[in-house]
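Numbering (this note's numbering), first residue to last: 390 to 469.
Certain hints may be false.
As the list claims (entries may be wrong) - The list that follows gives simulated cross-link-like pairs (lysine-lysine, DSS-like), each with its CA atoms no further than 25 Å apart:
(1) 401 to 444
(2) 395 to 436
(3) 415 to 401
(4) 398 to 436
(5) 395 to 439
(6) 401 to 443
(7) 395 to 444
(8) 415 to 443
(9) 415 to 444
(10) 444 to 398
(11) 443 to 395
(12) 436 to 401
(13) 398 to 443
For the record, the hints were derived by calculation from the structure and aren't laboratory data. All of these numbers come straight from a predicted model, not from anything done at the bench.
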Amino acid sequence: MESIGKDCKELKQLYEACFNSWYSDKFLRNESGDISECDPLFQEYQKCLKSAMKKNNVPLWELNGGMLRNPEKKQSDSPA
Numbered sequence: 390m391e392s393i394g395k396d397c398k399e400l401k402q403l404y405e406a407c408f409n410s411w412y413s414d415k416f417l418r419n420e421s422g423d424i425s426e427c428d429p430l431f432q433e434y435q436k437c438l439k440s441a442m443k444k445n446n447v448p449l450w451e452l453n454g455g456m457l458r459n460p461e462k463k464q465s466d467s468p469a
């Protein structure tokens, strides 16, 4: 899946590579690997995504398929 921000593509690939390595080399083998080794990459990728969302005026609720309440809708608009 492509990243929402084209500028974030490389960061996404780096984070996914780190996560996949941890998952296959540590987690699936029940080794005591710590996912936090990927945290710096995740933080940079997340920062890039937030910037891309702001730049493209994409609200968070829209990315979640509308599962979160739209803050612009009135409370009475939501289903009971």
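Structure-based check of all given hints:
1. 401 to 444: holds (18 Å)
2. 395 to 436: holds (13 Å)
3. 415 to 401: Roughly 20 Å separates the two Cα atoms, so the pair holds.
4. 398 to 436: Roughly 13 Å separates the two Cα atoms, so the pair holds.
5. 395 to 439: With Cα atoms ~12 Å apart, residue 395 and residue 439 stay inside 25 Å; holds.
6. 401 to 443: Within the cut-off at roughly 18 Å; holds.
7. 395 to 444: holds (12 Å)
8. 415 to 443: violated (35 Å)
9. 415 to 444: Since the Cα atoms of residue 415 and residue 444 sit roughly 37 Å apart, the hinted pair is violated (cutoff 25 Å).
10. 444 to 398: holds (16 Å)
11. 443 to 395: With Cα atoms ~14 Å apart, residue 443 and residue 395 stay inside 25 Å; holds.
12. 436 to 401: Measuring from Cα to Cα gives roughly 11 Å; hence the hint holds.
13. 398 to 443: holds (17 Å)
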